[in-house]
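K.L.:
In terms of the UniProt record's numbering, the sequence shown has 137 at position 137, counting the first letter as 1, and numbering is strictly consecutive.
Think of the hints as simulated: they come from the structure by calculation, not from any bench. Check each hint, because a few of them may be wrong.
[Said to hold, decoys possible] Under the rule of at most 25 Å between Cα atoms (straight-line distance), these lysine-lysine pairs were calculated in the DSS-like manner:
#1 Lys79 / Lys150
#2 Lys137 / Lys89
#3 Lys172 / Lys150
None of these values were measured; they are calculated from a predicted model.
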Amino acid sequence: MKNLKISVIVMLLLTVSFTNAQEKEKMNHDHNHNKMMDMKGDTKAEAILSDYFSLKDALVADDSEKAVEASTKLVASLKAFDESNYTAKEQKELTDIIEDATEHAEHISKSEIAHQREHFKVLSRDITDIVAITGTKNKLYQQFCPMYDKGSAWLSTKEEVRNPYYGSRMLKCGKVQKTIH
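Build out the structure end to end from the sequences listed, making use of the hints.
P.N.:
Here's what the structure looks like:
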């Protein structure tokens with residue numbers, strides 16, 4: 001009888017221990033999921049995207065002055081970005097990308113439209129790299145023009161192609177390469 005009681009107690013302890021382990025694992029999973037959701041909703045990253053899209057739209061419209069304004073705002077958004085919510089490796093990558101993106105956005109704010117478009121090509125790669133790390137709450141389209149500088153990509157919130165590299169000269173030149181969620 002004594003062995004039966006001990007066996008029952010051991011079984012109860014194992015059951016409680018197993019249940020606690022499952023709850024802890026579920027909490028860790030929920031925490032990681034919430035962290036991923038936070039990254040997808042990173043407001044500073046979304047501000048960078050918003051300013052990038054304003055710049056893209058200005059180039060699509062062949063409006064160099066609006067491109068200067070938008071790139072100036074983009075520089076401020078890039079400088080305000082906080083990498084602290086990311087892993088050490090991601091922080092290093094983001095720091096390097098943001099430094100490069102800031103340099104190109106600054107050039108855009110001081111250039112005429114042809115030169116703005118040259119810097120926009122590299123800036124678009126940088127912004128795409130930022131999105132790859134931070135995620136986004138919006139559906140984005142990576143679009144590609146095979147004609148500009150041996151092929152150039154950019155991001156858009158709309159599936160319809162509006163080419164920032166040629167503007168009104170070749171407004172619809174390009175295609176959607178991929179969709180980013």
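K.L.:
If you draw a straight line from the CA of Lys172 to the CA of Lys150, is it 25 Å or shorter?
P.N.:
17 Å, holds
K.L.:
Are the Cα positions of Lys137 and Lys89 separated by 25 Å at most?
P.N.:
22 Å, holds
K.L.:
Does Lys150 sit within 25 Å of Lys79, going by the straight-line distance between their CA atoms?
P.N.:
31 Å, violated
Hint violations for this structure: number 1 only, all remaining hints satisfied.
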